[in-house]
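Peer 1: Residue numbers (this note's numbering), protein chains in the order written: chain A, 1 to 681; chain B, 1001 to 1165; chain C, 2001 to 2154; chain D, 3001 to 3210.
Quick caveat, the hints were computed from the structure, so don't treat them as lab data. Among the hints, erroneous ones may be present.
[What the hints assert, rightly or not] In silico SDA-like cross-links for lysine to any residue, where the CA-CA straight-line distance does not exceed 20 Å:
| # | chain 1 | residue 1 | chain 2 | residue 2 |
| --- | --- | --- | --- | --- |
| 1 | B | K1118 | D | T3095 |
| 2 | C | K2051 | D | K3068 |
| 3 | B | K1042 | D | D3181 |
| 4 | D | K3189 | B | R1060 |
| 5 | A | K190 | D | K3068 |
| 6 | B | K1118 | D | Q3184 |
| 7 | B | K1069 | C | F2134 |
| 8 | D | K3189 | B | V1068 |
| 9 | A | K5 | D | Q3184 |
| 10 | B | K1002 | B | R1109 |
| 11 | D | K3180 | B | R1109 |
| 12 | A | K5 | D | A3161 |
| 13 | C | K2032 | D | T3095 |
| 14 | D | K3068 | B | R1109 |
| 15 | C | K2036 | D | R3065 |
| 16 | B | K1158 | B | V1006 |
| 17 | B | K1069 | D | E3063 |
| 18 | A | K4 | D | A3161 |
| 19 | A | K190 | B | V1006 |
| 20 | C | K2032 | C | T2107 |
| 21 | A | K588 | D | T3193 |
| 22 | B | K1069 | C | K2036 |
| 23 | D | K3073 | C | T2107 |
| 24 | A | K203 | D | P3013 |
| 25 | C | K2036 | D | Q3145 |
| 26 | A | K190 | C | E2048 |
| 27 | B | K1118 | D | T3193 |
| 28 | D | K3180 | B | V1006 |
[What the hints assert, rightly or not] So the derived list for chain C, only partly shown, Cβ under 10 Å to chain D, looks like this:
| # | residue |
| --- | --- |
| 29 | A2016 |
| 30 | T2056 |
| 31 | L2136 |
| 32 | Q2145 |
None of the values given here were measured: they were computed from a predicted structure. Quick reminder that beta carbons are idealized off the backbone N, C-alpha and C, glycines included.
Each chain is listed here by its residues.
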Amino acid sequence: MMVKKNKVSVICPYCGAGCRFGLIVENGRATGIDYEPDHPVALGALCPKGNSAVELLNHPERLTFPIRREHNGTTRRITWDEALQFVANKLRQIREDFGADAVGFLASAKVSNEENYLFQKLARLFGSPHVDHCARLCHSPSIVALSRAFGSGAMTNPIPDLENSRCILIIGSNFSENHPVVSRWVLNAKDRGAFIIAVDPRKTPTTEIAHIHLMIRPGTDGILLNAIMAQILREGLANYDFIASRTEGFERLKNKLQQFDIIKAAEQVGVPVGDIVITARKYATSPSSAIIYCMGITQHRHGTDYAASCANLALLCGHIGRSGAGIFPLRGQNNVQGASDMGALAEFLPGYVRTNDVKKRQLVAKLWGCEDIPSSGLSVTEIIGAILDGKIKALFVMGENPIVSDPCSSETEKALSMLDLLVVQDIFMTETANFAHVVLPAAMWAEKSGSYTNTERRVQWSPKALNPPNEAKSDLWIIGNLGKLLGLWDTLPQPEDMLREINQVVPFYGGITPERIAKSKEGLIWPCPDEHHPGTPILYSEKFHRENERATFTVPEIDFEAPRSFEPFSLITGRVVVHYNSGSITRKLPSLLRYTPKLELTIHPSDAGELGIKDGSTVLVKTVKGTVETVVKVSPSVRQGSVFMPFHFPETNRLTPKDLDPMARIPSFKDAQCQLIRKDK
Amino acid sequence: MKEIFVRIDRCVGCRSCELACAVEHSRSKTLFGAISEVPRPKKRVYVEYIEHRKVPFLCRHCEDAPCVKACRTGALSQDPVTRIVTHNPDRCIGCWLCAMTCPYGMINREEERRIAVKCDRCPEREEPACVNACPTKALVFAEEQEFSKLVRRETLSKLLPGYAS
Amino acid sequence: MKGILISKDLCIGCRACASACEHGIIQIEETKEFRKIIVSGSCPDECENCKDVCPTEAIKIGEGVVSSCQLFGAGTGSASTCSSRNENQLPAAIKLRERQEVLFRLTLCRRCGMPIAPEAMLNFISRRMTQPLFELDLCITCRQQLMWEAIRKR
Amino acid sequence: MQSMASWKIFINPERCIGCHACEMACEQTHGGISNIKVQCAPVFCRHCEVPPCVTVCYRNAIEMRNGKILLIKDLCTNCGICVFACPFGAIMTTTITRQIEPGKKAHSAVPCHFEARSAEEPHTEHEKPKRSLADARDDTPRERQIVLVHKCDGCLERAEASGARPACAATCPSGAIECKDIAQASSLKRIRTYEVHLVTHLTHREGTSP
């Protein structure tokens, strides 16, 4: 038999780095991976997750037909017509009974730009303001803080540009495990003589790269950043020319930092004063410094202020808008940047148009052919609260797993079981899909075409490589048909048409046409306002994206000087290299699962000694939100007084608290207090 | 212990050291004999032309030599007194862990025997062949104090011409 | 039906015969300290897989009751087979197809104490190498770890 | 593209972030068994040029082709002699289960379907209880366990087909595994030495006024 073998160049479905690889397809089945050494992000490298792509595509547990759950809990296979008709009728009925406000929509950072755009359009044309997605749970503080300071909430430089940096401050990021391809560029910079500083409450493969590691107390990032800034000001190392010519609001920050006591701060943070001084000097004096930060900064009660402090630090030293100097908030999913750009957020329309800005909002409405668009809605975590209050009756979830990813799973579970209608559109039967009334089987990334925006703002086209299994359909097909049934539009859109519409609606995607990015392997980096624009790899080299073209210093309202103390243990959550987010994909792949098969709690040896537990014994972890049983791993990789749990397993987020950051509405995943109870057999 | 010191500013890139090294490590020990020998004698010093500068590179015979640590078959060994790292070709299996770990790139490959080749600081000679051959005295074989003295005297002679000579 | 005879003097306990035998006649039993090669049952007629793969020609295939001297020859380096020496010794005559066991004590890793291989096997390897390049009494995991431990700084 | 024989695999253990991507990639290119083990940093065949494993193999099942050391599976008897002749522990063993099929010619080829039991040989092998004596007496057990010997082939097939680097080098996210020519790599290191250390030394010496 003739074997039809071809290679399709697709975008990796995992983290936000946006690596490209060749998928080898034989007779309509994915059989192998071909590395593409000419791709700029990672030079063809792939982390273990990326290497599991073939195994994922051929997974036997994929959802292949629509499923309906009856009142008595039994499930049965239904046809697409029946499924879509049922969802449309039920949605209409709920809108009539309770108003459009009673329907929530959760978009996904895993699907393409076109699908997210259409999804939020569906939600907003349907009349519901409540559309959000899991960017809320990782980098919403970055969007808020960075767009307030600079005008755009994205990474300022491309990843390979890290190589040109002479000092890299890594704070609250473990990219060696979460974005492994970033480590190549940091190591290259190190080889070229850059000074690497890592700030992390744990010892990780990332901190091993660093020259100095500031092992801070969990939750004291804000104090540390302010201490660094205070030291820079005290030594007169700030870039006063840059401050004078390109920023505003410096005086307020200066006044605030003048009274800052570094010695006291060092005590609170739990690192030697000398380390803070070295960090301040190295960061300020190097010709180009970069800050890499991640969820260690954002997932706090004051995440927005922490992210703003990062921006302040960069502005203070003028380390922004040049090659090797910038802020690198690394995004977690392959299209979390794109989903935010497409307006799948409660307070933003496509192109970061604020929903409460009536004038601009109506311009978008005009393009969509309607009169007005609902204003600001509820965020991911608030939607769950609103369900519990009985305000939201129906939830449409596209490719998310809130039970595992949201804080306080028991409440989420309770909320989901209260709904009149829960539609889940996914590739596997996730924990959330188990609660759904209708489960719609979706296609995976290689089974549809679309564009994805990676963490560097690089928009890349990923063509269709193979057909979805059985009856699974692309998300665009599902949303398109649902919209048709709801009477929102008449035609079933194609990905290319959708991107052309995005070109019109989102100004900085203006020149990113399907023709251009389908041809180029490297994609285009937004802002790219017109057809001939080459893209903008480095932001703010001449002006900031604010009205007066100046950046602004934001002075946090709160005092960082009193850190919360967590007794007896503070619980840190994070990731491990072989798993991905809620683990709904990676926990199904045996080749990845063998490295980290189950949940483990890491504890410092002396804490373990005090509690009388050893490696491999079982403990109960207790927080205000719940109790979970887990196995212990004793390792000095955590600080005394703190414990670590990866959040890829459903148990972890049963423990996390639900306190929200007031501005970005991100839950404080990393501010939990826990108790350990020894469980003897 | 005597070391080979390099005065980079004196190197003119004549490659006399390379030639002398290859000859010294030939069987015949003469230039004409060495040319016709099979396997061809290999040099163990390298002159690189970088940015219009000529820089000679020699094995530093590091105190805590990474190549010796990396060698699993005992082909590389370090004399505890003289710190000279020598290579025993009979024990070498050509795994290139030494070439991989050497931070200065001083271990090279001998094509014919397919094993590593590196500086042995001419065990049969008083003064290494490369030093002997250097026409500009860019290579100096001396004790550390002696060399410092030399540098001091040289600086002095630059400042006060005629004083030192 | 034929049977297998393993010379306890020549065998080095490498397990090649056990993985070659498709009929499950040669089995390996391993504990922390010992490796036991167990032969039981009869061979199909043409199969000589185990004999083919044996590195030391320690396997003979025959029929009926034979003396081991008969099969291996008295003067072929395994002369001691005929004189009793230790518990690992063949009886002077053996009925083929009967159960035989060859027992080896495993050399332990000098670094981690895990078993490596029978001493006879390691001796065989060092005899075959042109010269002893390194010490063989390290287990695979320790060799792998040692490869990087010396080089890696952190 | 460099010629096949000239490059050697260079591993920089300082760069290894322990992500196991090389193991995964190796597994995919070699039908489910990884020839790489990450112990601090990836361990696999160095493709020595005077290889001890080739010397000890009594069936000539290991040969050198194009500068790569290959294990010829048809000739290999899984005796494990080469395993202990390798100073790096780079020849791996994996316990697999094979069906007993009477009448089939033995050691003809590696079975097309097998179950990789454990990559951590030989430690776990000894901990696992083996088939008891009573089972061994049983005339024909249905399946038998084999310790399979396997090693890195430098992705020779990949290289010969498309001139590509080995899968592990291609996939390594941090650039810890690289393919370099020894002479070239050494020369680059010397230039780097100059750039990093000597330039400062020179400018320092020339720039200071005594």
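Peer 1: Has the given pair, D:K3189 with B:V1068, been kept, meaning a C-alpha gap of at most 20 Å?
Peer 2: Measuring from Cα to Cα gives roughly 18 Å; hence the hint holds.
Peer 1: D:K3073 and C:T2107: Cα distance at most 20 Å?
Peer 2: violated, 28 Å
Peer 1: Compare the distance between the alpha carbons of D:K3180 and B:V1006 with 20 Å, and conclude whether the hinted pair is satisfied.
Peer 2: violated, 28 Å
Peer 1: Within 20 Å, alpha carbon to alpha carbon, are B:K1069 and C:K2036?
Peer 2: violated, 38 Å
Peer 1: Holds or violated: C:K2032 and C:T2107, Cα atoms, limit 20 Å.
Peer 2: holds, 10 Å
Peer 1: Take the C-alpha atoms of A:K5 and D:Q3184, compute the straight-line distance between them, and say whether it is at most 20 Å.
Peer 2: At roughly 37 Å apart (the allowed maximum being 20 Å), D:Q3184 and A:K5 break the hint.
Peer 1: Within 20 Å, alpha carbon to alpha carbon, are A:K190 and C:E2048?
Peer 2: violated, 60 Å
Peer 1: C:K2036 and D:Q3145 were given as a pair; does the straight-line alpha-carbon distance stay at or below 20 Å?
Peer 2: holds, 15 Å
Peer 1: Is C:K2051 close enough to D:K3068, meaning Cα to Cα at most 20 Å?
Peer 2: violated, 30 Å
Peer 1: Would you check the hint for B:K1158 and B:V1006, treating anything up to 20 Å between C-alpha atoms as holding?
Peer 2: Cα-Cα ~19 Å, so holds.
Peer 1: Sort out whether D:K3068 lies within 20 Å of A:K190, counting only the CA atoms.
Peer 2: violated, 32 Å
Peer 1: Is the hint on C:A2016 kept, meaning its closest Cβ partner in chain D is under 10 Å away?
Peer 2: With a minimum Cβ separation of about 4 Å from chain D (threshold 10 Å), the hint on C:A2016 holds.
The structure fails to meet hints 1, 2, 5, 9, 10, 15, 17, 19, 21, 22, 23, 26, 28 from the earlier list, while all remaining hints are met.
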